[in-house]
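Hey, can you work out the whole structure from these sequences and the hints?
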Amino acid sequence: MSNAVTVNAASKIFPLARGKSVVALEEIDLAVAPGEFVSLIGPSGCGKSTLLRLIADLDQPTSGSIEVFGKTARQARIDQDYGIAFQQAGLLPWRSVTGNIELPLELHGVGKTARRARAAELLALVGLSDFADRYPDQLSGGMQQRVAIARSLAESPELLLMDEPFGALDEMTRERMQDELVRLCAETGAAVVFVTHSIPEAVFLSDRVVVISPRPGRIREIVPVGLGSAGNREEGLREASGFFAAVSAVREALHGAPTAEVRGGETR
Amino acid sequence: MTRTRGILLGVVGVVLLGVLWEAYKALGPANGFVINGLTVLPRTNDLAMPHLVTMFTRLFEPVTSAPGSPALWSAVVQAAGFSLGIAAVGWIIGVVVGMLLAVLMQRFRTAESALLPWVVLSQTVPLIALAPLVAGIGAQLRFGEARWQDWMSVALIASYLAFFPVSVGALRGLESPDRAHVELMRTYAVGWWKTLITLRIPASIPYLLPALRLAAANAVIGTVVAEVSIGLRGGVGRMMIEYASASSGDPGKPWAPIFGAVVIGLIAAGLVAAIGLGLRKYRQGEVPA
Numbered sequence: 001m002s003n004a005v006t007v008n009a010a011s012k013i014f015p016l017a018r019g020k021s022v023v024a025l026e027e028i029d030l031a032v033a034p035g036e037f038v039s040l041i042g043p044s045g046c047g048k049s050t051l052l053r054l055i056a057d058l059d060q061p062t063s064g065s066i067e068v069f070g071k072t073a074r075q076a077r078i079d080q081d082y083g084i085a086f087q088q089a090g091l092l093p094w095r096s097v098t099g100n101i102e103l104p105l106e107l108h109g110v111g112k113t114a115r116r117a118r119a120a121e122l123l124a125l126v127g128l129s130d131f132a133d134r135y136p137d138q139l140s141g142g143m144q145q146r147v148a149i150a151r152s153l154a155e156s157p158e159l160l161l162m163d164e165p166f167g168a169l170d171e172m173t174r175e176r177m178q179d180e181l182v183r184l185c186a187e188t189g190a191a192v193v194f195v196t197h198s199i200p201e202a203v204f205l206s207d208r209v210v211v212i213s214p215r216p217g218r219i220r221e222i223v224p225v226g227l228g229s230a231g232n233r234e235e236g237l238r239e240a241s242g243f244f245a246a247v248s249a250v251r252e253a254l255h256g257a258p259t260a261e262v263r264g265g266e267t268r
Numbered sequence: 001m002t003r004t005r006g007i008l009l010g011v012v013g014v015v016l017l018g019v020l021w022e023a024y025k026a027l028g029p030a031n032g033f034v035i036n037g038l039t040v041l042p043r044t045n046d047l048a049m050p051h052l053v054t055m056f057t058r059l060f061e062p063v064t065s066a067p068g069s070p071a072l073w074s075a076v077v078q079a080a081g082f083s084l085g086i087a088a089v090g091w092i093i094g095v096v097v098g099m100l101l102a103v104l105m106q107r108f109r110t111a112e113s114a115l116l117p118w119v120v121l122s123q124t125v126p127l128i129a130l131a132p133l134v135a136g137i138g139a140q141l142r143f144g145e146a147r148w149q150d151w152m153s154v155a156l157i158a159s160y161l162a163f164f165p166v167s168v169g170a171l172r173g174l175e176s177p178d179r180a181h182v183e184l185m186r187t188y189a190v191g192w193w194k195t196l197i198t199l200r201i202p203a204s205i206p207y208l209l210p211a212l213r214l215a216a217a218n219a220v221i222g223t224v225v226a227e228v229s230i231g232l233r234g235g236v237g238r239m240m241i242e243y244a245s246a247s248s249g250d251p252g253k254p255w256a257p258i259f260g261a262v263v264i265g266l267i268a269a270g271l272v273a274a275i276g277l278g279l280r281k282y283r284q285g286e287v288p289a
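Chains A and B supply the protein sequences, listed in that same order.
Just so it is clear: in the first sequence, position 176 is 176 by the working numbering, and no numbers are missing.
Just so it is clear: in the second sequence, position 118 is 118 by the working numbering, and no numbers are missing.
Fair warning: there could be bad hints in the mix.
With a Cα cut of at most 20 Å, we get these calculated SDA-like pairs of lysine to any residue [claimed, not checked]:
1) Lys112(A) - Ser129(A)
2) Lys71(A) - Ala189(B)
3) Lys71(A) - Asp81(A)
4) Lys281(B) - Ser96(A)
5) Lys194(B) - Gln80(A)
6) Lys194(B) - Trp94(A)
Worth flagging that the hints you see were computed from the coordinates, not collected in a lab.
In structure tokens, the structure reads:
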């Protein structure tokens, strides 16, 4: 069975003016198993979002290769093998909540009744059934983000790509959304690549946390969290000792002495 | 509350204009203000500035003293209807052409660099120079049995003024979607056409509506001016010229087609506002998450 995501020695160099360039990612190797939840964490500008964009085929690597379910990233995008959610909910303001969730289905020619049924199902999943006919500007930021997540799940993808989806939410909403996401992952069994700059968030959600160092973006360490399968996680976990141990491990990896050598050996 | 307030303020504005007119007429010097031989404010006699009452009562008198002549207002309404029809045709052509140009410019960067300067430049050509040219070329056209009519030249010139705000406004609107939205469409692996229909055109509507209103105003002005310079009978433009010559003996009469033109403008603006009402849901902003 092929990996959900396989990144092979991928580098990304952005050209700047006057012949200069910036190395956003250097020689990244990473494998995400089906159903696995992997967080990418690192300081701003370390290239974690760029890595996600490469997997989503919104950018192409300068060298190296990326496979999604054994296909090229481009083919996976065309085959709609992943769902994606960004920091901004990115809902279309002229469409109702239902209309927004139906958008990908509509674009890919799913019939009207099937669309309605799927949207109702997803709305129930994210707890917004009462808001089906509202418009995005009538929803709070957290609700908008739940709609965006429902939209990313519309075509039952085996892989979810999330770029700081809770970044703009307040702490309480954020924790509730994390609980919901854990539940959604348990129910759908999708693999997730999750970009964040919050250590507790990464630890709470993930099977493994990938710590990336900036300029050039490299994998410094991959911390296995091992707090149990998604189905067994719940609110109390945030106060368990294993949680704190993992938070410390990630923090040390983030702030640890800058190493010349890439220590992410376990991915090779 | 704000609605009644708006209507009230509009009425106050119109009344104020009338009061200003009558006050100056009553208080201003009969020969106007003259500085160094230059008249900077008009004469206040009944010929130059007729009373508002004269203008309105004149509307209900016959057009001429000839027997069987219809009331002036009905002649103006007929002429205004004729001009409004031509302006509407010009507006529709202008909107279609403007939209097509905008879509073309959005699709191809090179088309934008190649077309946009010409679009802007097109508006610097004086209408007066253009009108006889269009009429002259049109007169040589034959479509089988059908022949080019003068009203078509007028509509064409109206569309020439109307397309400009639409093409510029629509281009801005088509390019207005957030990068995140455009990338979302890319992740859905849909092409340019579907992106245009589901994302760019709906997103362009807040930009398009003011452009449509401008286009409507431009189409009305273009129609009136082109009627004058081509000499097309039947509309308010020609009527203004005809009645102006009567002003020495009948000062209220030339104001009638001017009121007609104002009414056309109001109707045109009202129709566009009605379109905006129909597209209400495309105009609500998204609260940032």
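Hint by hint, which ones does this structure get wrong, listed from lowest number up? none
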